[in-house]
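K.L.:
Here are the chains, one letter per residue:
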Amino acid sequence: MKTLKYLFLVSLLVAVFIPASSMAAKAPVVIGLQGPITGPWAYEGEMAKQSCEIAAKLINDKGGILGGRMIELRVVDDAGEPKTGALAAQKLVGQKEVVAVVSTYGSSVCEPASNIYEKYKKVNIGYGVTAVRLTQRDFKYFFRTCGRDDSQGKFFADNVPAKFNAKKIAIMHDNTAFGKGLAEDTERALKPMVDAGKVQIVYYDAITPGEKDFRVSLTKLREAKPEVWYYTGYYAEAALLVSQAREIGVTCPFVGGNAAINNEFVKIAGLDVAKGCYMTNEPLPADLPYDKAKEFLNAYKAKYGDIPSSPWPIYAADALNIIAYTVDKTGSMDADKLAGYLRKDVDGVPGITGPIGFTDQGDREGVPFYIYVVDEKGNIVISK
Amino acid sequence: MRVAVEQIINGLTIGSFYALIALGYSMVYGILKLINFVHGDFFTLGSYLGYTILIFAAAFITAHFGLWGGIVCAMLVAALCLALTGLVVERIAYRPIYPAGRLPAVVSALGASIVLQNAIMVIWGPRYQAYPAPMIPNLHLLFFGINITLLQVVILVFSFVLMGILYYIIQKTLFGASVRAMALDRDTASLMGIDFNRVILFIFTLGPALGAVTGVMVGMYYRQISFTMGWNYGLKAFTATILGGIGNIPGAMFGGLLLGVLEMLGAAYISAAWKDVFVFIILILVLIFRPTGIFGETTAEKV
Amino acid sequence: MDDSNPSPVRRLHLYETILLFAVPVLFVVYPFAVNDYYIDIGFYFGIYALLGLSLNIVLGEVGLFDLGHAGFYAIGAYTTAILNTKLGVPVIILIPVSALAAALFAYIVCSPIIHLRGDYLCVVTIGMGEIVRLALINNFLGLTGGPNGVYNIDFPSFGGSFVIDSSIEYYFLIWIIVGVSIVGLIRLQHSRIGRAWNCIREDEVAAGTTGIDVRYYKLLAFVLGAALAGVAGNIYASKLMAVSPESFTFWESCMMFCIILIGGMGSIPGVLIGAAFISLFPEIFRPFAMYRMLVFGVVMILMMMFRPGGAWPRRRGGADLPSLFSRMRKSHDG
Amino acid sequence: MTDERRTTHDVVLETKKLTKIFGGLTAVADFDADVRAGEIYSLIGPNGAGKTTVFNVVTGIYRPDHGNVIFKGADITGKKPHEIVRFGIARTFQNIRIFPHMTCLENIMAGQHCRTSAGLWSTLFATPQKHREEEKIRETAERRIRQVGLARFRDELARNISYGSQRMLEIARALATEPALLVLDEPSSGLNAGETDALMKFLRELIANENLTILLIEHDMNVVMGISDRVAVMDEGRKIAEGRPEEIYNDPRVIEAYLGSEDD
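Protein chains in written order, with this note's numbering: chain A, 1 to 384; chain B, 1 to 303; chain C, 1 to 334; chain D, 1 to 264.
Hint data in this document are derived by calculation from the structure and do not stem from the laboratory. All the given hints hold, so there is nothing to weed out.
In silico DSBU-like cross-links for lysine-lysine, where the CA-CA straight-line distance does not exceed 35 Å:
#1 K344(A) x K121(A)
#2 K86(C) x K119(A)
#3 K140(A) x K86(C)
In this text, all values refer to a predicted model and were calculated from it rather than measured experimentally.
Please model the complete structure; the sequences and the hints are all you need to start from.
P.N.:
What follows is the structure in structure tokens.
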């Protein structure tokens, strides 16, 4: 037992010191990634890490930036939890060689972390943080490559009821910061139409993420007789929801938010159920005419077998790309210069998710949306 | 009416999952007075093993044994593996710690839970996994306008059969009597010649095996599994155990079913978002008025 | 029948004497020697130490299984967040207010359930913690901001002139509070209140027949424990400038439970060791990436195997550190 | 025991028609007794006669179904155990119930709890008044620990001392509550002959030197006959006889119900 104890201690020590001793080659440009590598959102963290690695590799394969310096990714785990996120941010800001950070998934984790980045003057670009308020704090160093809750909500209100000729709308969210935010913004965007009597919100409620049984909520939804049903949460629950809804006889069209439908959704729900499900989404990589998208997608698929199953990791890759681009263009590691350049001079720069530009608050400029549908073969295509 | 009946059936289905998991908690608690936090993760592991078997051995099994054969096979393998895992965990994480008392064992149980959950994440990856749709029967049945699936019926019947068998073993057989005696008073039972190790062997193979079977059923029923799901089910099942009266086998079954039905009715008639609050408030109210659970003995302490 | 033959008082071991003086010095010097990241780790260590001390009253001193302590922590944090952002009450004033709010909540919730024994009490506290968390997620009374939480919380300031906003200031804020709490708890441990708590932990019936109002002292423990957790919540909220329900899960309660058992029931140095383990370990083992929680779990099992009574169990009688403190004070009093 | 000491016939404890029913079983039925100041009053009877139940009702652990407990003229029926201690009744248990993980001295100090009042604030701010009180607690405890001869175990955990010492510790703890009535449940059980003799001597000295009354359950007839002033015999929840030890010793009903059972 005693040997076991010592063996264990020694292996711990070795494990701690090995990473520190890795050799430094020709000084790379270090970009941080803060994401949920462990914890309940670990799959998002894993994909974000993979995406950033692919994006960095694509840049490095072309000879890096600043005339031959490689991109090095430094990943810190925030476990999807605010306190750990703040510590992760604090760890990165203490490392002078980290130029800027791709950070993070989840608005409530981003909030305290971005406070720290702001205070220590480190450019940080969110990839899965859609709460409107994040860019309303007049922060200098905070940007995001993903859209905001209200842009999608507005798109829904403008297009979806008309498309399905629907007067009775059901909205369901999953009580996560993202899902709830989108649901609220959709409700807000629909309000003028509701006041004018054009549409009616006949159902508005939440389900609990991580649960498996939603038949009760769905029965209520069925009794409300909606003509279109908008679910603003994630694919894992969405797949269960649609399967169970069809089981108990909910027949109205299902429209998911941009996290609700992907290949995993089709896999879990099964083709029978999934086909004919709609979603509001930014253009999917596969539909993007941009070279970057094809290149990224192929590289990702080659390495991991399939494209990422949620939209956020692609925004993470784009965040890394735009940081690399800005460092390359300015030739500077200075946070003020980078932030200034991102705000003023980055405009229409090609990215995986389309041309990238930022508003003065740091929001992504012009995130386009489409209505997608799952076709007979289980592919997700733009709905005509 | 239709809604209420459907909800009760849904509630019974989810309740039977809780009940089967709760049995594992209750048996371990009865003998060791230990909250076996790792039990929820046994359930998850069982679910992942069943998934793996269905994915990799699907074509072969289905070809030889048919659709149901494949499912039975997945359940059997998962149950066997988990019985073994249960023993290993008991040997490593609990046995060396029994003499120190029950509180250190609680920490060890939490540690084991963390290990198992993260091992699942490392092995299968953090993403959700989907049970293969073609391996799962999806037939709908309509009784008087009430919509249920064949799978639901099978799950309910099978769960009740399992519970019935366990009830029989515990309440009617000589071995069951020795388990109950051990739960009542370990020292006296040992003096009467009941082998403690045999009882431990029994509860740490049967409990996890039941959990594994439940895991496979949950995987089929919802098609989608994640490495963190055991925590949620574990918490609910433990609540069910307490609701029924901890250490009491029929109590755990009843507690599980009641919890499932309460949850569904709370969601239907109060609010889906507040249903867990509703469940916990009921639990607290029950305990205020029956401090040892519904089936718990209310004997005064001997002074 | 008199045998006036008092046992020799156990003297402090040398290492204990060294620790007694070196540890406080280390705590003061530490933040001046490292960068902000390590100071922040020290800060969160302090938060867990405070939470550990607060749960130690309930679990360590009275032996009540409380697996819902994160609920009290949440009440403190949200009281601060809501009153500060909605009404503009200064954070520093909200320290006692948060403590009171959490204490009041504990009193109301625990009064009807205090007679429950062992694991039944345990599951009720779990339920209580979950109810709090779910109420926060569901935007209770439209105040808690749902899953997004409450944000834009101020920094604590003394009359507007001295604002606590840097890592090092927070570090000292939390450790001063921890220090004050430790002094208070040592005094309680060596008073009739602390003895009454221990008696209840040892044998509830005998405590009653020895003249201790079991119900009152159990409630007092919950109320005091909740108040301290409320203070921790206040500081946590202002440090992060935002609160959200993810920080107050059942998992967090479990970690507090582990602090006590890893350190040793009812032992104040033990609480510090346990808190260090829970807060430092995951940071030290960052290089393990996704394996780090795996290692964490293994170490928890090993700790219980090798030191089931905790890393630093409470020593009674003779010279444990707390009684040394009180003796030192006594000699000062003359 | 000499009769001179019994200068008063004031009744300290009186039970009136005390009845306690568990489920269908009547453990105690219409139990009347009066314990007079300064005496040692013993309760004997076969196992299951209801003696301990009487004790539990008197000390507030159980609430009686009928009847009253009057202590020094005050009705204390149904009061909580800690309130009854404050009135001046302290007890020990048949199976020793000390606080095993506290030191011997702390065990005894706990007994002073009901005679002291320092609250949360005076403790937290360490007021001089609290300090004085703590000194008083310590002095009392030191006195009691010397009285029972355990001073050398002062800082020893209570669980580490011998069974006989634990008995004495429990008695010392009860004495530290400054009782007028000491209720002892089989104090000699588990003690060897030497320890039993010491116990009898101790109880005699106690009653002689302190303003105290003792209510006793005892199986050891030597102890009962040796130190009791009066003895009551219980069988099946009822009092079947009461009187001086020598009267009881020769009472045919007692021999039949109690002593007779030993012939089986």
